[in-house]
Every structure is written in C-alpha cells, then in structure tokens.
Amino acid sequence: MSLKKLNKGLARAVVCTGVNVQPGEEVYVQSTVYAVDLTREVVRMCYERGAKRVVVKYRDEEISKLDFAYQTADTLSHKPSFMYEERNYFADVDGCVINIVCENPNAFEHADADKMTASRRADIVGLSRYYDKSMSHKIKWSIIAYPHPEWAKLMFPDMKPKDAFRKLAKFIAKTTRVNNDDPVEAWAKHSAELKTRREKLTAANIKHFHYKNALGTDLVVGMPENYVFGGGVDECNGVTFNANMPTEEVFSAPDCNRIDGKVCASMPLCYNGKIIEGIELTLKDGKIVDYTAKTNVDLLKGIIETDEGSRSLGEIALVPYDSPISKLHTLFYETLFDENASCHFAIGRAYPTCVKGGPEMSKEQLRAAGINDSGVHVDFMVGTKDLEITAETRDGKTLKVFENGNFTKEFD
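Residue numbering for the sequence shown follows my numbering, starting at 174 and increasing by one per position.
No wet-lab data here; the hints were simulated from the structure.
Note that the Cβ used here is the ideal one computed from N, Cα and C, for glycine as well.
One or more of the hints may lead you astray.
As a list, the in silico BS3-like pairs of lysine-lysine whose alpha-carbon atoms are at most 30 angstroms apart [to be verified]:
#1 LYS558 x LYS373
#2 LYS573 x LYS385
#3 LYS457 x LYS385
#4 LYS178 x LYS343
#5 LYS230 x LYS347
#6 LYS380 x LYS347
#7 LYS385 x LYS373
#8 LYS177 x LYS225
#9 LYS573 x LYS457
#10 LYS343 x LYS573
#11 LYS178 x LYS435
#12 LYS326 x LYS435
#13 LYS500 x LYS326
#14 LYS230 x LYS380
#15 LYS435 x LYS373
#16 LYS380 x LYS181
#17 LYS573 x LYS368
#18 LYS288 x LYS252
#19 LYS536 x LYS435
#20 LYS362 x LYS500
#21 LYS573 x LYS181
#22 LYS500 x LYS529
#23 LYS373 x LYS178
#24 LYS368 x LYS326
#25 LYS373 x LYS230
#26 LYS460 x LYS536
#27 LYS573 x LYS558
#28 LYS460 x LYS558
#29 LYS373 x LYS252
#30 LYS558 x LYS347
#31 LYS311 x LYS380
#32 LYS326 x LYS347
#33 LYS500 x LYS573
Restraint-style ranges between C-beta atoms, simulated for each label pair [claimed, not checked]:
#34 ASP568 x GLN244: 51 to 61 angstroms
#35 LYS225 x LYS474: 39 to 49 angstroms
#36 PRO253 x GLY434: 22 to 32 angstroms
#37 GLY434 x GLU366: 48 to 58 angstroms
#38 GLN244 x GLU537: 17 to 27 angstroms
#39 LYS368 x ARG567: 31 to 41 angstroms
#40 MET256 x LYS225: 34 to 44 angstroms
Please model the entire structure based on the sequences and the hints provided.
Encoded structure:
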C-alpha cells in the first residue's frame, strides 16, 4: 500500500468512523510534524463531511526535548492558561478531537523524569475540562497512528530503514482495517462483534475476576454493582464513534476498593517517550502498596504518586492472546497497539461510562460506587499465553472466562 493510499484510508477511517464528523461540528486535530500529509488529508475530509471549523495543533518531539532540557520543573509546572484553552474550547462546544500518534518511543530517553512528571501533572489540571468530557463520552474523540522512522527502526532493528518503515505502515493499515476496500464497513462489522462480547460480560453479573499465570500474576479484581463493559463503538449525543483505532478490547472499571494480589506486566510500557520494563504491582484493598520495575522505575513512581487515585486501578480490559494484533508477533512499543494484543489494566482514572448512569453521576457518587478518579490513566499489559481468568457471579456461580490466554466459548 502506498503512503498516499494509506493516508486516504486512515483519514477516512478516523473521520467517518473514528469521530464520525457531523455537519456543523468543530474539529480539533492533534498531530505531529512527521504526519503532515495525513493531517492535511484528515482536515480535507472533515470539511467534506461538513465540519464548521478544523483547527490543527502540531507536536514536535525535538522541541519538547529542548523544553525538558532548558526549562525548570517549576516552569513546567506553571504553564500559562492559553496553552490549554484551545483544546478545552472544543470540549466546551462539544467538538470532535482527533489525535494522530506518530512518535519515537525513545524520544525522551535522556529527559529528566521529574521534569516530565511535573509537566504531565500540570497538563492534567490545565485540561481538566477536556478530560472530564472525553472520559464520560460527552464529546467524540479518536486516536489513530502514522509510521515514524525511529519507531519503525525500534520495532524492526534488523531491517533497512526504508523496509522497516514500509512494514510498520503495512501493520498500521492491517490493524486499523484500512487495507479493506471499505474501512467504514469493516469497522461496522468489527464493532458488532465486540458489542456481542461486551453484552455477554455485562449480563454475567460478575462479583470478581481472578487472574493467574506463570509470570507471577495472582490478582483478584472486584467489580462494582451495575458495571458495564464497553468496547468498539461508543455513543455521544446519539452519534456513534470509535475512540481507539485499532481496538480489540472489551473493558470496564473495577471496584477500586476491592483489588488484591500481585500483577506482573507482560510487555514493556512506553510512556511519554521512555520505556518502562518489568512492572510489578502489589495491591491490597484496592491500593498499590508496593511496586517495582526493571527500567525507569522513577517514571513509574511519578505515575503512581500523581494523586490518591493513581494508587489504584481504573480499567480492566480483556483481549484474547490470539487477537489479530497479537498474531503479528511484534511488540509495537506503543500502547495504542500493544494494549490490543494483550489483556491490560490501567493505573488511575476510570471511565464513568463503565457503570450504569455513570456519566450523570457526581464525582462523589462515582467514588461511592467504586469508580476510581485520578489525573492519570495509564494502561499496562498483563496478558500471556497461559493466562487464566475465572469469575464468581453475584449469585454464586463460578465461570471460566479465559483459558490458555483466550476467551472460553461462553464469552467468545
């Protein structure tokens, strides 16, 4: 597939199915200087769909590295409000937000972790209006990826740079279903399949899940009453959208007061341009009481110690080991892809949509229901080929949900 064809396919997928732009809507596109051609195609297609206004905000990791090198942690903690008002505006007017991911996973390998944490915490506060609406699905948003030369090089180190780039482009096209004649139709079919699975899990009325594998994970995860599993297509003000492209997961929110045991990450986590390997967490009564990592533990510390809610989990996501992305047998070093090759959890904030009536609840009501709140939401992967997940329902039944890393027939 040529880059021109890839751009058209990705643009169509994210504009027509991702955020599903409607006439008269305003669209905010977050992109990078490495994805200019795709960005232009996205903007053109938004206008062809009837968008009222499209605004583009570019990122440049080389400039960000200079910011981390020369600014102080205090300066990064106190950014002027105008840096956030643009994106918050689109939340205020119920606009659409498209995020194009195209970064070097190791871009900030040598950046100061404390400065990065300070900057991220400032962003969480400054963008609170945006995050409150996006996490509750009160605005439409979608994330899609574009190949980056350094990203391709990290994934395929034994290949020539051009060949590695082409292979990454091919993988992106395949996993986002834009290698189909009609990506919109392909996404509709896939979303219908995920909907069936999430409805089965919601109807099961599960009290808790028990995860266990040879890697060391032995974790019991309680579920709130009236939980809801999501995944694939979502709805905002009567209009459907797909937040993540690709996606293979069905997900919900655990009861943040009832999580006990140990969980071991099965893949590295790329977070803010650094790679954290060998994550292990120990939880008691829903709180992370101990943690370790083989690399960049200081960055993991910054995530977990962000606030009170970052000491618990906000998402439980189920993905079969034999998912289409997992079958590529490739580590992407990008959560958008790796989380769809593996069961995962998220440290921090839960989606209010994961409990019945959640989007209309106050933060106090959500907390009382066991729905975690935090300034962060960081996914980490835990799925393995031998992962077993059993469940106990609220009426006392025992169900096997996962066996040998995949859904059992009852939930497939």
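Results of checking the hints against the structure:
no.: 1; hint: LYS558 x LYS373; result: holds (23 angstroms)
no.: 2; hint: LYS573 x LYS385; result: holds (12 angstroms)
no.: 3; hint: LYS457 x LYS385; result: holds (16 angstroms)
no.: 4; hint: LYS178 x LYS343; result: holds (11 angstroms)
no.: 5; hint: LYS230 x LYS347; result: holds (27 angstroms)
no.: 6; hint: LYS380 x LYS347; result: violated (37 angstroms)
no.: 7; hint: LYS385 x LYS373; result: holds (22 angstroms)
no.: 8; hint: LYS177 x LYS225; result: holds (26 angstroms)
no.: 9; hint: LYS573 x LYS457; result: holds (24 angstroms)
no.: 10; hint: LYS343 x LYS573; result: violated (36 angstroms)
no.: 11; hint: LYS178 x LYS435; result: violated (45 angstroms)
no.: 12; hint: LYS326 x LYS435; result: violated (34 angstroms)
no.: 13; hint: LYS500 x LYS326; result: holds (20 angstroms)
no.: 14; hint: LYS230 x LYS380; result: violated (44 angstroms)
no.: 15; hint: LYS435 x LYS373; result: holds (27 angstroms)
no.: 16; hint: LYS380 x LYS181; result: violated (45 angstroms)
no.: 17; hint: LYS573 x LYS368; result: holds (20 angstroms)
no.: 18; hint: LYS288 x LYS252; result: holds (13 angstroms)
no.: 19; hint: LYS536 x LYS435; result: holds (28 angstroms)
no.: 20; hint: LYS362 x LYS500; result: holds (20 angstroms)
no.: 21; hint: LYS573 x LYS181; result: violated (42 angstroms)
no.: 22; hint: LYS500 x LYS529; result: violated (34 angstroms)
no.: 23; hint: LYS373 x LYS178; result: violated (37 angstroms)
no.: 24; hint: LYS368 x LYS326; result: violated (36 angstroms)
no.: 25; hint: LYS373 x LYS230; result: violated (40 angstroms)
no.: 26; hint: LYS460 x LYS536; result: holds (19 angstroms)
no.: 27; hint: LYS573 x LYS558; result: holds (16 angstroms)
no.: 28; hint: LYS460 x LYS558; result: holds (27 angstroms)
no.: 29; hint: LYS373 x LYS252; result: violated (46 angstroms)
no.: 30; hint: LYS558 x LYS347; result: holds (23 angstroms)
no.: 31; hint: LYS311 x LYS380; result: holds (28 angstroms)
no.: 32; hint: LYS326 x LYS347; result: holds (19 angstroms)
no.: 33; hint: LYS500 x LYS573; result: holds (23 angstroms)
no.: 34; hint: ASP568 x GLN244: 51 to 61 angstroms; result: holds (56 angstroms)
no.: 35; hint: LYS225 x LYS474: 39 to 49 angstroms; result: holds (44 angstroms)
no.: 36; hint: PRO253 x GLY434: 22 to 32 angstroms; result: violated (44 angstroms)
no.: 37; hint: GLY434 x GLU366: 48 to 58 angstroms; result: violated (31 angstroms)
no.: 38; hint: GLN244 x GLU537: 17 to 27 angstroms; result: violated (36 angstroms)
no.: 39; hint: LYS368 x ARG567: 31 to 41 angstroms; result: violated (23 angstroms)
no.: 40; hint: MET256 x LYS225: 34 to 44 angstroms; result: violated (24 angstroms)
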